[in-house]
Amino acid sequence: SQELEQSPQSLIVQEGKNLTINCTSSKTLYGLYWYKQKYGEGLIFLMMLQKGGEEKSHEKITAKLDEKKQQSSLHITASQPSHAGIYLCGAGYNTDKLIFGTGTRLQVFP
Amino acid sequence: DAGVIQSPRHEVTEMGQEVTLRCKPISGHNSLFWYRQTMMRGLELLIYFNNNVPIDDSGMPEDRFSAKMPNASFSTLKIQPSEPRDSAVYFCASSRTGVSGYTFGSGTRLTVV
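In the order they appear, the protein sequences are chains A and B.
Under the working numbering, the first sequence is numbered contiguously, ending at residue 142.
Under the working numbering, the second sequence is numbered contiguously, ending at residue 115.
It cannot be assumed that every hint is accurate.
With beta-carbon atoms standing in for the labels, derived distance ranges [stated by the list, open to error]: (1) B:Gln82 to A:Ala110: 21 to 31 Å; (2) A:Ala110 to B:Pro56: 27 to 37 Å; (3) B:Phe76 to A:Gly72: 34 to 44 Å; (4) B:Lys80 to A:Gly85: 26 to 36 Å; (5) B:Val115 to A:Gly84: 47 to 57 Å; (6) B:Ser89 to A:Glu73: 32 to 42 Å; (7) B:Asn73 to A:Ala110: 42 to 52 Å; (8) B:Asn73 to A:Gln34: 28 to 38 Å; (9) A:Gly72 to B:Ser68: 45 to 55 Å; (10) A:Gln34 to B:Arg66: 41 to 51 Å.
Subject to a maximum C-alpha distance of 20 Å in a straight line, what follows is the list of computed DMTMM-like cross-link-like pairs (lysine to aspartate or glutamate) [stated by the list, open to error]: (11) A:Lys129 to B:Glu20; (12) A:Lys68 to B:Asp65; (13) B:Lys26 to B:Glu16; (14) B:Lys26 to B:Glu64; (15) B:Lys70 to A:Asp128; (16) A:Lys101 to A:Glu87; (17) A:Lys59 to B:Asp65; (18) A:Lys101 to A:Glu86; (19) B:Lys26 to A:Glu73; (20) A:Lys101 to A:Glu37; (21) A:Lys70 to B:Asp58; (22) A:Lys129 to B:Asp59; (23) B:Lys80 to B:Glu64; (24) A:Lys129 to B:Glu16.
Calculated from the structure, these hints are not laboratory results.
In this text the structure is predicted, and so the values were computed from the model without any measurement.
Ideal Cβ placement from N, Cα and C applies to all residues, glycine included.
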C-alpha cells in the first residue's frame, strides 16, 4: 500500500495557467517535503513544511500543509515550460528516512 | 560544493553479471540513502546509513542486493547476480542531521539485458 498518494498522476496545462497538485497521507504527518525532478535527472529540493497551516513560497510555487486532513497542496501560478517535470512529496513520519509519493508529471505547453 | 556524485551515469549489463553502483555524499553529511525509481513502483528507499552504519535495510529487495559504506565519503550498492527486473534508476542522497531536505545525486540508469 502507498502511504503517500498524489493527485493528479499527470497534468498537461497551457503556459500561463494556474495548477494544483495534492499529496495525501494515510498516516499522521510530522512535516512534508516537496521535490521536483526534471526528466532524466535527480530530485531538487523545493521546500519543507513543518507545522499545520504552514505555507511557503518559492518563486511562483506555493505549498501548504493541512495536518488535520493529513494533506499538502502545491500550487503553481502562471505556469511556464520551466515548471515541467515530476513533482514528488515526501514524508519522514518522525524517522530519519523519507518515503515518497507516487509523483505527478507536469507538462506545460506554449 | 560538488553535490552528491554517482557513478556510472549509465550501466548496461547482461543478466547474471555483477553490478556495482557508487556514491560520494556531500562532505559533512552524515546520512546516506539509496533509492530505486521505476515507472511501476515510483521512488523506493532501499537502505540508509547514519554515520556509516546501516540503519534500515528493510527496502532491499533480496539477498542479491548489498550495500556498504566503508567511510564517510563513499558508498556502494552491489547487485549480484543482476536480473532484468533490476533495471531502474538508482539514486543516492545525503543529508546532515538537523538540516531539512536531502540532496540527491543525478542517478545511475541501470539496464539489465
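Going through the hints against the structure:
no.: 1; hint: B:Gln82 to A:Ala110: 21 to 31 Å; verdict: violated (50 Å)
no.: 2; hint: A:Ala110 to B:Pro56: 27 to 37 Å; verdict: violated (45 Å)
no.: 3; hint: B:Phe76 to A:Gly72: 34 to 44 Å; verdict: violated (25 Å)
no.: 4; hint: B:Lys80 to A:Gly85: 26 to 36 Å; verdict: violated (45 Å)
no.: 5; hint: B:Val115 to A:Gly84: 47 to 57 Å; verdict: holds (49 Å)
no.: 6; hint: B:Ser89 to A:Glu73: 32 to 42 Å; verdict: violated (18 Å)
no.: 7; hint: B:Asn73 to A:Ala110: 42 to 52 Å; verdict: holds (47 Å)
no.: 8; hint: B:Asn73 to A:Gln34: 28 to 38 Å; verdict: holds (35 Å)
no.: 9; hint: A:Gly72 to B:Ser68: 45 to 55 Å; verdict: violated (27 Å)
no.: 10; hint: A:Gln34 to B:Arg66: 41 to 51 Å; verdict: violated (25 Å)
no.: 11; hint: A:Lys129 to B:Glu20; verdict: violated (27 Å)
no.: 12; hint: A:Lys68 to B:Asp65; verdict: violated (32 Å)
no.: 13; hint: B:Lys26 to B:Glu16; verdict: violated (26 Å)
no.: 14; hint: B:Lys26 to B:Glu64; verdict: violated (24 Å)
no.: 15; hint: B:Lys70 to A:Asp128; verdict: holds (18 Å)
no.: 16; hint: A:Lys101 to A:Glu87; verdict: holds (15 Å)
no.: 17; hint: A:Lys59 to B:Asp65; verdict: violated (30 Å)
no.: 18; hint: A:Lys101 to A:Glu86; verdict: holds (13 Å)
no.: 19; hint: B:Lys26 to A:Glu73; verdict: holds (17 Å)
no.: 20; hint: A:Lys101 to A:Glu37; verdict: holds (13 Å)
no.: 21; hint: A:Lys70 to B:Asp58; verdict: violated (28 Å)
no.: 22; hint: A:Lys129 to B:Asp59; verdict: holds (11 Å)
no.: 23; hint: B:Lys80 to B:Glu64; verdict: holds (12 Å)
no.: 24; hint: A:Lys129 to B:Glu16; verdict: violated (32 Å)
Checked against the numbered hints listed earlier, the structure breaks hints 1, 2, 3, 4, 6, 9, 10, 11, 12, 13, 14, 17, 21, 24; every other hint is satisfied.
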